[in-house]
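A.B. asks: Here are the chains, one letter per residue:
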Amino acid sequence: MNAVYYISSVVAVVATVAAVTGLNAVHSLLYLIVSFLAVALIFFTLGAPVIAALEVIIYAGAIIVLFIFVVMILNLGDVAVEQEKRWTVGKMWVGPALLALVLMAELVYVLFQQTVHHLPGAGPIQPQDLGATLFGPYMLGVELASMVLLAGLVGAYHLGRRRQPDETAQERQEPVDAGARR
Amino acid sequence: MASIPMEQGLLLAGVLFAIGLTGVLVRRNIIFVLLSLEVMLNAAGLAFIVAGYRWGQPDGQVLFLFVLTMAAAEVSVGLALVLQLHRVFKTLDVDVASRMRG
Amino acid sequence: MILTWLIAEIFAGGILAWIAGRWSRFWPRVISLVTLSVHMVILIVLWVRYFGPVGYVAKGPWVIEVSYSWIPQLGISYHLSMDGLSMLLIVLTNFLGIMAVACSWNAIQERVGFFHFNLLWIVASIMGVFLATDLFLFYFFWEMMLVPLYFLIGFWGYENRTYASIKFFIFTQAGGLLMLLAILGLYFVHGRATGVYTFDYNELLGTPMSESTARWLMLGFFAAFAVKLQVVPLHTWLPDAHTQAPTAGSVDLAGLVLKVGAYGMIRFLVPLFPEAALDFSDVAMGLAVAGILYGAVMAFAQTDIKRLVAYTSISHMGFVLLGIFAWNELALEGAVMIMLAHAITTGALFILVGDLNDRIHTRDMGRMGGLWQTAPRMGGVALFFAVASLGLPGLGNFVGEFLVVLGTYQANTTMAVVATLGLILSVVYSLWMIQVAFLGPNHVGWKLPDMNLREGAIMATMIAVVLWFGLYPQSILATARQSITNLQQIVATTRPEEKTQAPVDPLNVVLPEEWEAP
Amino acid sequence: MLHLLFLVPILPFCGFVVLALFGRWFDRRQVAAIGVGSIGLSALFALLVGFDFVIAPPAGDHFSQSLWTWINVGGFSPHIAFYLDSLSVIMILVVTVVGFLIHVYSAEYMEDEPDGYARFFACMNLFVGSMLTLVLADNLLLLYLGWEGVGLCSYLLIGFWYTDPANGRAARKAFIVTRIGDTALLVGLLLLFTKLGTLQIQPLMQLASERWVVGSSITVAAAGLLLGGALGKSAQLPLQTWLPDAMAGPTPVSALIHAATMVTAGVYLIARMNVLFTLSPVIQTTVAAVGAGTLILAGFSALTQRDIKRVLAYSTISQIGYMFLAVGVGAWSAAMFHFMTHAFFKALLFMAAGVIILGLHHEQDMFKMGGLRKQTPLVFWTFLAGSLSLAALPLVTAGFYSKDAILAGAWASDAGGRWLWAAGLGGALLTGLYTFRMVFLTFFGQVQTPFHLKPGLRLLLPLVVLAFLSIVAGFLDLPRTLGNQPWFSDFVHTSLPETKEIAGSVERNLQIVASLASIGGILLAYYFFLREPGFVRRLMMTPLGAALHRFWFVGWGFDWAYDNLIVGTYVRLARANRADVFDLPMRGIALINQAGHIVLSRTETGRLRWYATSVAFGAIVAVGIVVFVT
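Taken in sequence, the protein lines are chains Y, H, E and F. Using this note's numbering, read the first sequence as starting at 11 and increasing by one per residue. Using this note's numbering, read the second sequence as starting at 74 and increasing by one per residue. Using this note's numbering, read the third sequence as starting at 15 and increasing by one per residue. Using this note's numbering, read the fourth sequence as starting at 7 and increasing by one per residue.
In short, the hints are calculated from the structure, not lab data. Each hint should be verified, as a subset may be incorrect.
What the hints assert, rightly or not - Lysine-lysine pairs mimicking DSBU-like chemistry, simulated, CA-CA at most 30 angstroms apart:
no., chain 1, residue 1, chain 2, residue 2
1, Y, Lys95, H, Lys163
2, F, Lys460, F, Lys374
3, Y, Lys101, H, Lys163
4, F, Lys460, F, Lys380
Said to hold, decoys possible - Label-pair restraints from in silico Cβ distances:
no., chain 1, residue 1, chain 2, residue 2, range
5, E, Glu173, F, Ile598, 23 to 29 angstroms
6, H, Phe162, Y, Lys95, 18 to 24 angstroms
7, F, Val605, E, Gly209, 45 to 51 angstroms
8, F, Ile598, E, Arg381, 33 to 39 angstroms
9, H, Gln130, E, Ala26, 53 to 59 angstroms
10, F, Ser72, E, Gln503, 27 to 33 angstroms
11, H, Met173, F, Ile598, 23 to 29 angstroms
12, E, Ile58, F, Val587, 41 to 47 angstroms
13, Y, Leu108, H, Met173, 51 to 57 angstroms
14, E, Tyr92, H, Met173, 42 to 48 angstroms
15, F, Ile598, H, Gly129, 55 to 61 angstroms
Said to hold, decoys possible - For the chain Y half of the interface with chain H, some residues (derived, Cβ under 10 angstroms), not all of them:
no., residue
16, Val44
17, Val49
18, Ile68
19, Leu76
20, Gly87
21, Ala90
22, Glu94
23, Pro106
24, Ala110
25, Gly151
26, Val152
27, Gly170
28, Arg171
Every residue, glycine too, gets a C-beta built ideally from N, C-alpha and C.
Looking at chain Y on its own, in the form it has when it is part of the complex:
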């Protein structure tokens, strides 16, 4: 099983890099699905089958589908790819990558600074335990999560609505005024 973990890890990292660096949005999303599936496999190896399933269903399923819908609505074609080429020049990656690497280095330092190494896992967690914990001590969290989802729903509905032309014009007018006042 350890082999599964390591292979999945490599797949996840490679797929993620491809997703983040890709020029074509649809290609990137496909890479991302691969990455999520690989992570789901890792979850499975770490004894979290329910989570693995949720990863596949929600991340690789629902969320990516949302992305694809949007990409399709916006109809990003070859023009967009060309644009991406112009936007993502090679040397732009240097600074942020360096920053991320420093952060990584710090994390690694923290991890391997510990005196005790190679801690083994304690074992799988049963779905029953998960349920009992979720609806036991974390009840309030679940309630709050539902609120967040509701807020997300309302927000997405409100923002995604196509405005009346005059309304849009008004909204655009106001910030300009604010800028002028200042």
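Go by the hints and put chains H, E and F onto chain Y.
C.D. replies: Using the frame of chain Y, we list chains H, E and F on its own:
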């Protein structure tokens, strides 16, 4: 059942997080920014799972669920914003939407 | 219970006025006037009952007290108490509230309801400050007073109101925060020393603490009170705020907000930290004298008449500070007397300047001159209050100033003598103001309507009060006496040796050695 | 009768209140009736009270009446209370009688004023009320009330014609300069109360004489501070500069306030507090020296003035100098006597001058007058009576008797008495000289400006009454050498210490010398200004003469020095700091914050990626601190 040292799990989470971060910092296309954000959230979730696995406690998984919920809410609102942005500015370049500068 | 009602009635009146303002410009004024007048009647009844000639023997230091537990976990209670000092200041607050409503009867035409809401809430929170004997509650009212005042200046002020209102707010807020820190410091010091964590004033009195702790806590309180009392380097918010505030705002600022600082010093600062205050008294008196002279010089230099009056307040408040830190009966009674008399005279001057501004639409003294010719009644009233403010005997301010310098002379002779120089400078600025505004040739050719009935009635009332203060101040002094004696006892029990002298018995005078000739 | 005392000061106050509140609705007759009537009634009650006091002296030769407790705090309890003894009897009689005559005179004098008739009478009534409070006060605080009250009225009345800024300036100068003295007086009050525990005058003097040693420093401090107040109010060196300018007010005001009553308040104060001054010989000598110096200085200034009212003003300063000299040498009754006769003849001179000024359409320059003797004989004769009294013509004028008493007192005094006497004698010569310079320039010689006035009864009657008093008042106090009937001195000595006696033969010689001096002054004036006017003109042509003339004309340069050194500096300093230097640090803080705002707002680029980078960077730093530092 695999016995993966916690460090390695966390290392993977860190690597994924760093990749996502680099994406957020580099990409100008807002869709890719959101996509990179999803990677980062996922990496954070992975860290929780690894920790939960290490201690044999379900709390890590519970927190992954919360991260998941948040990611779902965030991406729905975020994508709605992408639509608005495209409608208003006719582009997906985040740098164009910089009216809140001081 | 009556104390709660005293405050709540005005808060309620304010809300009612705001609501009424949605439909009418007239009703908010009437509601405010009626609220305050009814309140005044209650207060006078209380005053006569507790401090009248019949006499009422109080069982403790307070004549009326109300206390409920509010947040018991933190030792916070809703505790209001009244003694003679609070009584006087509340009556004053209410009186000036009525005057403020009356003087803005025609001047305010926009958002009338909200204006009166702010006005009444200022009055109510200031009353709260004067009554609160729980430091948390005190701080609560203290801060509550700022917001409506900020709105008052910011909405209805003159051309530069935004600058003035923000400056006012930042100054007072900064002082208030230092006081909050000091209150919390005192709370914890007291809690550690005694195990009882409480904000109650009576319990906090006499808290044992080290000398440096006491000094820093005292300075925290002093910062807040000094900003309000416009002690000299911290006074610069006041000329701007006064100049830009609407008339009612200026009246409240000069008459009430400044008094809050003085009240805080008398009630809280010195009794809570008697020794630290004693050590600090030379510095404070120095600042006071500097304020007296500096305010007078600055007043003379102004060209904006409202600014001039504002600087005179600085000068007068110097006397109050001087009296407080001299801390003997004469000086304290004098300080209370100045607080009241200054509120009336300066309030009246602000109302008068406001009336003038409504007529000629300028505050620039260069554009005035010869107004006596066209508005002799205004001139006469202005002259009256100008001479009252320069301390003419027979009028209110003189009694206060004389008692203060008399008391101070016993505590610190040099300071008293230097302070009297302020009396010369006050003549210079007062007469200058009258000269430039009302006398001389009418070179602009103003033709003004003289005072109307409403303005005349306001002024007549205030003139009567100033005369009363000047000719029969005993009624005021007697009311304040018991509370001043109590405060002095509190301080005396803590201070190892009283620096200030006991009242001199005419038949038992021992000459100091240095005066005796060989 | 004595219990009606409170009506004496109250009635004028009532007149003031009525006129101030309702003056605008009355016509001139009613205003005059109220204004004059209140003083008339007050004078009537003063006469009744005074008569009663003289006929049936109350026990202890004093009477006091308390109205109510003014203040009662910590052992400090002044009352609103009046104290009547022989000193205050004389004061109230002079104040009310002379005040009444001047009010009668004003009723006609001010008739042509376009407005302010009621205001004038209101202020005059307020003045009389305050003056009476001053002289009747039982404690120093009430005295201070009256003291400041008369100062305020003086201010109001000097600036009566307010449209001219010069009058306002003169009025403010009067108030401010006297206020400087008043502040010294106030500090004196503080000192007295702190050391003796009361401000009630009689117990205070009792305590002072019991507790304080003669010549001790505390008596010097106390008496010196009181003297400061007296100097300001009585226009003595070095605070005399306000009085000549105060002539900007209407002439009745000059007559009442700046000649007869208010300016002598300083003398009254010193007389009233005589114990304190006796305890402090240094200060008492200072008083005498100040008086002697002032009377000479002001005499020379009077000699050079062109404006008739300014001559009289300097003459007033000079005559009050005599009173200071008198109290300084301990001739208390002489001082009060001179106060009384001076009130009569100086009020007369001012009022007669007022008639002339009115008749010449407000011309005050004596060099544009002349020959008025024929045009207004009655005014001339009354003016002459006043002038003779002022110049102290021997035997027949009141001025002679009072000035003679002062000179005798000065001679008798221990501390440099001869020098003081010589100064007084020189002053007598100068008085004759400048008085008759004025008389000759005004009434003799060529007619320069025609006189246009038929003075009515209300103008002339007070002149006649006062002329009569200026002549006969002297017989109230005949010295030992001339009849020995000192009624006045005997009366005054019930409340003031006795004057030191000198030998009769010496006194006679002194009288002869003094008579010669005053007659010599008059004769010199006749020679210089009537017979040989060219001589003075030639004298003034010489450089030294011109310089001296100029120097005396501007009052010995005091005004110049004060204006440049004190007033100018103060005004410049105040104006320079108009923007308030303490606001600078506060504005500085605001500016620093604004600079910070500008810098930090640059970092707000509005770019999402920039913000994300900042967050990442912040995370690195924060984690770095946690990892590497802690």
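A.B. asks: So, Val44 (chain Y) near chain H? Judge it on the closest CB pair being under 10 angstroms.
C.D. replies: violated (12 angstroms)
A.B. asks: That 55 to 61 angstroms hint for Ile598 (chain F) and Gly129 (chain H) (C-beta), does it hold up?
C.D. replies: holds (57 angstroms)
A.B. asks: With 10 angstroms as the cut and Cβ atoms as the points, is Val49 (chain Y) at the interface with chain H?
C.D. replies: holds (6 angstroms)
A.B. asks: Minimum Cβ distance from Gly170 (chain Y) to chain H below 10 angstroms?
C.D. replies: Hint holds; Gly170 (chain Y) Cβ to chain H Cβ min 4 angstroms, cut 10 angstroms.
A.B. asks: Do Phe162 (chain H) and Lys95 (chain Y) keep their Cβ atoms within the hinted range of 18 to 24 angstroms?
C.D. replies: holds (20 angstroms)
A.B. asks: Would the stated hint for Gly87 (chain Y) survive a check requiring a Cβ distance to chain H of less than 10 angstroms?
C.D. replies: violated (13 angstroms)
A.B. asks: Identify whether the interface hint at Gly151 (chain Y) stands, where standing means a beta carbon of chain H within less than 10 angstroms of its own.
C.D. replies: With a minimum Cβ separation of about 6 angstroms from chain H (threshold 10 angstroms), the hint on Gly151 (chain Y) holds.
A.B. asks: Met173 (chain H) and Ile598 (chain F), beta-carbon distance inside 23 to 29 angstroms?
C.D. replies: For Ile598 (chain F) against Met173 (chain H), whose Cβ atoms are near 25 angstroms apart, the range 23 to 29 angstroms holds.
A.B. asks: Per the CB criterion, is Ile68 (chain Y) less than 10 angstroms away from chain H?
C.D. replies: With a closest approach of 6 angstroms, the Ile68 (chain Y) hint holds.
A.B. asks: Between the beta carbons of Leu108 (chain Y) and Met173 (chain H), is the distance compatible with 51 to 57 angstroms?
C.D. replies: violated (27 angstroms)
A.B. asks: Against chain H, is Leu76 (chain Y) within 10 angstroms by beta-carbon distance?
C.D. replies: holds (6 angstroms)
A.B. asks: Taking 30 angstroms as the top limit, are the C-alpha atoms of Lys460 (chain F) and Lys380 (chain F) close enough?
C.D. replies: holds (14 angstroms)
Taken one by one, the earlier hints fail for this structure at numbers 13, 16, 20, listed in ascending order.
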